[in-house]
Every structure is written in C-alpha cells, then in structure tokens.
Amino acid sequence: MSVIEITPAELMERKNAGPINLIDVRTAVEFQEMHISFANLVPLDTLIPKLVEEKFKGTDPVYVVCRSGSRGKKACETLLASGCANVFNIQGGTLACAQAGLPITHGKKVMSLERQVRIAAGFLVALGSLLGFFVDPRLGFLSTFVGCGLMFAGVTDTCGMGMMLAKMPWNRIANNPSCSLPKTTTNHS
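Under our numbering, read the sequence shown as residues 26 to 214, first letter to last.
Be aware that one or more of the hints could be misleading.
[Stated by the list, open to error] Below, computed lysine to any residue pairings styled on SDA-like, alpha-carbon distance capped at 20 Å:
1. Lys-75 to Ala-110
2. Lys-40 to Lys-75
3. Lys-98 to Asp-85
4. Lys-134 to Glu-58
5. Lys-192 to Lys-80
6. Lys-192 to Val-142
7. Lys-40 to Ala-123
Just so you know, the hints here were simulated from the structure itself, not pulled from any lab data.
Put together the whole structure using the sequences plus the hints.
Here you go:
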C-alpha cells in the first residue's frame, strides 16, 4: 500500500471539521522550536506503531508531519507496514503548513538537523583532505567515506549521520530523556 499525501490546506479543512490525530515525527528539539499547534510529538526514532494505534483508536485517521515530508513518509510507511490503514502524510511538512497559514507554535530557535549534517559532512571532508595531504595520504579515505555516505543517503533517503546527530545531547530537550508516546504527546484537538 502506498502512502497517501494531503496538502496543508486539506489538513486544515479536516481539522476544521472536527478533532484530528496529527503526529509530528521530528526530533523533540525541532518540535520545541516550531510545530503545528495541534500536533502531537512522536519522534521517528521512537515511533512504535502499536502505541500510535492504541492512542488513536486504531481506526481513526492518523496524519503525519515532519519538517519537509521525507521523515513523515517513512513514518507512514512504518505505520502502514504494521497494519495501520488510515494514515496520511502532509505534503511539504511543517514548513509548507506554516506557509499555508496553519496555526504554528514557536519556541526557542535551534539549528536544524539538516544544517548540522551539512556542517559535519563538510568538516569531515575538509579534515580528511587536510590529513591526507599533510599527514598521511591514506587518511584521505575519510573524505571518500563521507562522500560515499552522502551518496548512500541520497539514494536511499536515509541519513545515518542525521540519525546519529539527532541523538546528541544538544538535540535533546533538558529533563526529557525519553521520547516515548505516552510521556511526550499532548493532544491539541
């Protein structure tokens, strides 16, 4: 079964018709910075389909949003594979929803995960090049390794560096070590 996508305008129409189940699968820090006001936080790396199904009664539609749509699609695929049939991904993610005028809650500004990945990859490529040139030519393989990782990320739409950086302390919310569904979600119906 393929992922069904709806636009931010369609999401708002459904919200205006009654309460909906919207989960935001970004990291807790990204959610804290900016999120759709009626979204529930369920980070992709802690997504447990059975808990989502139990919380949202299994048959109710579940709408999924991330920053721009990619992680949302992955979350929808996970939910569909586990038997949740009524799942929708929001096209363009939170950024598109903000542009479409949906109610957004803003918090503290943070550096996006995507930007952190670009900085880390650039640093490692430069470091590998410099070490390979000045210390030992074999160390230039660090740049090759990072380049191959970036190609893999592009082909599979899975970024290992991003997943690793998401677990770093600066990407966690203080006094919130766990991001399990029952503890971090709030229903903004």
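Going back to the hint list, which numbers does this structure go against?
2, 5
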